[in-house]
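Sequence lines, in order, name chains Y and E. Each residue of the first sequence is one higher than the one before, counting from 1 in full-length UniProt numbering. Each residue of the second sequence is one higher than the one before, counting from 1 in full-length UniProt numbering.
To be clear, the hints were calculated from the coordinates, so they are not data collected in a lab. Note that beta-carbon positions come from the ideal geometry of N, C-alpha and C, so glycine has one too. Hints should not be assumed to be uniformly reliable.
Computed footprint of chain Y on chain E; a stretch qualifies when at least three of its residues, placed anywhere within it, have a C-beta under 8 Å from a C-beta of chain Y [unchecked claim]: (1) 276-287; (2) 324-330.
Beta-carbon label-pair distances, calculated as ranges [stated by the list, open to error]: (3) Y:A159 x E:I223: 48 to 54 Å; (4) Y:G43 x E:F214: 46 to 52 Å; (5) E:N171 x Y:S161: 57 to 63 Å; (6) E:W379 x Y:A138: 42 to 48 Å; (7) Y:R34 x E:T167: 51 to 57 Å; (8) E:T203 x Y:G37: 22 to 28 Å; (9) E:A184 x Y:A138: 45 to 51 Å; (10) E:L187 x Y:E196: 48 to 54 Å; (11) E:L187 x Y:R34: 26 to 32 Å; (12) Y:E91 x E:R383: 42 to 48 Å; (13) E:A243 x Y:G36: 21 to 27 Å; (14) E:R279 x Y:R87: 19 to 25 Å; (15) E:L187 x Y:L35: 24 to 30 Å.
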Amino acid sequence: MPRLPLSSRRRQDLTRIRPAHGEAAAEACAAAVRLGGRRVLDGVDLCLTAGEVLALVGPNGAGKSTLLSALAGDLPLESGTVRLGGRELGEFSPRQLAVRRAVLPQAATLAFPFTVAEVVQMGRAPWAGTPQEDEDEAAVTEAMAQTEVTAFADRPFSALSGGERARVALARVLAQRTPLLLLDEPTAALDLRHQELVLALCRARAAAGDAVAVVLHDLNLAAAYADRVALLDAGRLTGVGPPARVLTPEALTSVYRHPVEVHPHPTSGAPLVLPAREPGAHQG
Amino acid sequence: MTAPPRARAAGGAAKSTGPSADGTGAAGSGAAGAGVPASSVAAPGAPPRTRRAAATTVTAALVAALLLLALLSAGIGAYTIPVSDVLGSLLHRAGAGGAPLDRVAESVLWNVRLPRVVLAVLVGASLGCAGALMQGVFGNPLAEPGVIGISSGAAVGAVASIALGLTFLGNWTVTACAFVAGLATVLLVYLLSRSGGRTEVVTLLLTGIAVNAFAGALIGLSIFFADNAQLTQITFWQLGSLAQATWPKVLAVLPCALAGLLVAPLCSRRLDLLALGERPARHLGVDVERLRLTLVLVVALLTAAAVAVAGIITFVGLLVPHLLRMAAGPGHRFLVPGSALGGAVVLVGADLAARTVAQPAELPLGVLTALLGSPFFFWLLRRTRRRQGGWA
Numbered sequence: 001m002p003r004l005p006l007s008s009r010r011r012q013d014l015t016r017i018r019p020a021h022g023e024a025a026a027e028a029c030a031a032a033v034r035l036g037g038r039r040v041l042d043g044v045d046l047c048l049t050a051g052e053v054l055a056l057v058g059p060n061g062a063g064k065s066t067l068l069s070a071l072a073g074d075l076p077l078e079s080g081t082v083r084l085g086g087r088e089l090g091e092f093s094p095r096q097l098a099v100r101r102a103v104l105p106q107a108a109t110l111a112f113p114f115t116v117a118e119v120v121q122m123g124r125a126p127w128a129g130t131p132q133e134d135e136d137e138a139a140v141t142e143a144m145a146q147t148e149v150t151a152f153a154d155r156p157f158s159a160l161s162g163g164e165r166a167r168v169a170l171a172r173v174l175a176q177r178t179p180l181l182l183l184d185e186p187t188a189a190l191d192l193r194h195q196e197l198v199l200a201l202c203r204a205r206a207a208a209g210d211a212v213a214v215v216l217h218d219l220n221l222a223a224a225y226a227d228r229v230a231l232l233d234a235g236r237l238t239g240v241g242p243p244a245r246v247l248t249p250e251a252l253t254s255v256y257r258h259p260v261e262v263h264p265h266p267t268s269g270a271p272l273v274l275p276a277r278e279p280g281a282h283q284g
Numbered sequence: 001m002t003a004p005p006r007a008r009a010a011g012g013a014a015k016s017t018g019p020s021a022d023g024t025g026a027a028g029s030g031a032a033g034a035g036v037p038a039s040s041v042a043a044p045g046a047p048p049r050t051r052r053a054a055a056t057t058v059t060a061a062l063v064a065a066l067l068l069l070a071l072l073s074a075g076i077g078a079y080t081i082p083v084s085d086v087l088g089s090l091l092h093r094a095g096a097g098g099a100p101l102d103r104v105a106e107s108v109l110w111n112v113r114l115p116r117v118v119l120a121v122l123v124g125a126s127l128g129c130a131g132a133l134m135q136g137v138f139g140n141p142l143a144e145p146g147v148i149g150i151s152s153g154a155a156v157g158a159v160a161s162i163a164l165g166l167t168f169l170g171n172w173t174v175t176a177c178a179f180v181a182g183l184a185t186v187l188l189v190y191l192l193s194r195s196g197g198r199t200e201v202v203t204l205l206l207t208g209i210a211v212n213a214f215a216g217a218l219i220g221l222s223i224f225f226a227d228n229a230q231l232t233q234i235t236f237w238q239l240g241s242l243a244q245a246t247w248p249k250v251l252a253v254l255p256c257a258l259a260g261l262l263v264a265p266l267c268s269r270r271l272d273l274l275a276l277g278e279r280p281a282r283h284l285g286v287d288v289e290r291l292r293l294t295l296v297l298v299v300a301l302l303t304a305a306a307v308a309v310a311g312i313i314t315f316v317g318l319l320v321p322h323l324l325r326m327a328a329g330p331g332h333r334f335l336v337p338g339s340a341l342g343g344a345v346v347l348v349g350a351d352l353a354a355r356t357v358a359q360p361a362e363l364p365l366g367v368l369t370a371l372l373g374s375p376f377f378f379w380l381l382r383r384t385r386r387r388q389g390g391w392a
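Only chain E is shown next, with the shape it has when bound in the complex (with noise of 0.2 Å):
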């Protein structure tokens, strides 16, 4: 009608909420915007203006939130290191100035503090993204890996590893194994808990508990075998923790996490068709089927890396793509990475609180995520039964 489309779509884009219309610019996984092309994303017509707008700000929130609480949680703790010294170091070992900090500091900053930031946003990251996926794939806003047995599934493979002493991988035996073991969890899962192509609440939620009592006895029949070094170990995947964290277990993970996170944000558009469910998706080009896989491998390859180093740590996943969804919109161009780096926030911040609440004492974080996770679900649980008028 008026200026050339493609160059209309983009600056209206543009004009409404500036460079990173889409959200997700800043959002640490970059592929997200760079990967899908604008002109063939960027929505056409007149997108409510407002949930652009909520969506450029609570990305700006988040990286900001995150910044602020790497920077706290590397300082703060029993070796108190001020947070401008920690920016010194940083710097310095940039090579952008700075200074360095006496050989403790030193130590206490790069060999605990830090691998154990690094390593919550990674954890954190992965199960929020895994969470929007998933409650994606199922059409289901109830989905997550926690509840619906995909961590448990693979920590009995992460449990299993170490209660039989399996080395056959070096360093990535225990993040092969809970991938493995996760992997064959969401299949069942999914193959158990869908019908006719869609996926009711009850059945997913009950099959969730199925699969989490097979889990909790695995792990049971494991922490039976095992001798106590081993039972200190397992015990640890199960309340969840990232105490143990060091750059080799960064490492490890690294790859899983960073798949997973760069693979997912190319999925986002399809996932928003998936919403209007299988066959409409399909009538719209999607081949359900391929990115039905796709995205499964991809939450197990997220829960894997995330269970592989900190153990279960539930309700990440569920709550944070509830909250952004409620916040900008249920759009998964935005919701995928927004909840990544929301996992990554909450993560972070629950870490650090676990550090610092009991002092000198540390919290399980999978027992405080629990904690405060479980009202949630069940608030969220209300909701749902009343939207829909009852289960039954």
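Chain Y on its own, in the form it takes in the complex (with noise of 0.2 Å):
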């Protein structure tokens, strides 16, 4: 495999990986998707920056994972383009793509019993021959314990629970080490405090400059941790906006097809995004 001549390119191409705090990492411009003949994605225009935490929110099947796919580069676009850091999504390799974005896909599999910790290290593969290879021991280490799967790192990555599988992966996302984040339903499979965790790194990631783009079901926790939010329905973008600006009970009653209150949070004023209920319907 040509590995050697390969990364002298690459070396040149670092310089410009990371996008300045407020400049675009990755846009959509008019990005259409068409799957199995239905148009999952319909004219969206997006645009996220460096520094921020955006969260993809929508009902199920309103085009937040297709979108997410779309600006990762694994789906074929209708109609419209992907640009990553100025530059169309096809003009990179595989192996450039790979040390500018790192994607958490929604559901973790694996074919073979690979430990947690070799799970972790194959986030480093893109570096392998370019001199950020230096930082893989720190990049795993920092990752496992900021997931929290450092105590299990021996154990085989089949022997895991579901919320501790989707923690080590995004262990693994992070451990890439790439100025753009593209995660997927991060938290769905994972109980309250570490729900809580992975959106403050989001946070921490974004206030070190990096984008973060995170398809989030809890309106609560994308409002809570949010800079921005973008609100899908049926494929196309309905808002995108401060979480106070999106997630209004009119834009959410009407998306989400039930009636949905928000109020201020008591402390922080973030709005608390709680679906319309009948009194004592606990009871029945």
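With the hints in hand, could you dock these two chains into one complex?
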């Protein structure tokens, strides 16, 4: 495998990998995706800037994961473009993309019984043969500590619970140390403590200048941790902006087709989203 | 944090397991260790030392077993040559002392036994390695050239070239036909058994059944059109045997086997990443399509090499990688060259058994491996099923 010639070429690229704070890290322009004859993403314009946490929310089948996949370069676009740091996705090789963006898939699977430590180390693969390879050990150790998986480093991945697997998968993505993080429902399998932990990690990465896009189902997590929220409905973007502006009772009630109440949080003032329930519903 | 990290990575490996830390140093396919720079492969952090140590131990044990079995196999048979004489003759030919044997012994050793041992090593290594690669590509521990029909496919090419009396490439005709047919079969199985980027066990096995049935029909058709002499030759393919080993045959498969065995270890690290699934592997910079194409070609090369000279020998590629994975973990940097080594050990041993168990008759080698391999396959199926909680 021609690893050595590649590394010299990559070395030139590395200076331009990281967009400055507030610059566009990834942007979709009129992006449309068709899957199985159905248009699941329909003319979405979205810009993700370095240093922010952007939450993608919306009902099931709204196109959140599709949008994330489109940003990751997994799906061919029917029309429109996706740019990464100003260049179109198609211009990058898989290795060039891998040092720019890391992707957390919705479900973490593993064909063979690698240990947790080995799985997290896989996140360093794109940096093999570059100067950043020197950070391998530190990146792996840090990522495992941040996601609290250090304790089961030597256990086989297949022996873990769903929530533990999700954290190991996240550790692998964090260890990749890319300026763009695309996370598909990182909190779905997690308990309360680890949900908060994961979003605090997202905030920390954003504060360090990375761009983080995260698909969330829990609107309160989105409201509490995201700089901006993108609300999707039936493949279209119905609103983007600060949580308080996007997560309004009217918009949510219409998008989720269920009456929704929004109250300010008593201390932080962040929107608290509650589905409207019949009084005494828990008794019936 | 501490020392210069490059030195640290190499030093850490050396500290825990000695110079051939990735377990491939002495593995015959030395390119594995040499081709991939240690600095880029050495796993950082604190990898499970036990696995690294196990890999080294297993490699050493396999090398020792291979040498011992090869020597025994060269000596034991209808005409017994003491091991010391075998060594003496080998040293003599290598120009390093020793002594030549008498004419009969010399002829038996150099014209009958040694080509057979060398062929067993090549075929075994090819099958073991092909099995490990195939399981990696399909992300499925039940994939194996024999089980999913690649061997039968390659055999169709070989049998057809015999039945039709093709000689357009001289000595290499059968190998070439086996390769083309094997390649076509791999591609077919691959396309048929994948959906949504993954291969389900059931789909894979059912595809294997269909492909095996079709190949069986084509072989049957060739038998129908063959004359008596060709019939004997064709039966030999179906049962699998090394009985017709000669140096020209060794030469005929050497390029295929060697090319496959040298390229395979270079894909190890990317195969590890492929275990995460197709998309995650791509997210980590693997050009999945290209990797797959390379590996499918390599598997076809290796299987064709094995089938062209030895016929259909099943289960070596299934059993060996699986046992090694249980012993030293699933990392392909050890598994790929290790499986080649293990396959060679198994086949040299099996061939020795096939020759000596029912003396003076000789059991067909393919029958022997299938006899021992099938129960193992059955056990593996049960285990996989239990872990998945059923097939449906």
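Point to revise | Enumerated hints in conflict with the structure, sorted upward | key: Violated: hint 13 alone.
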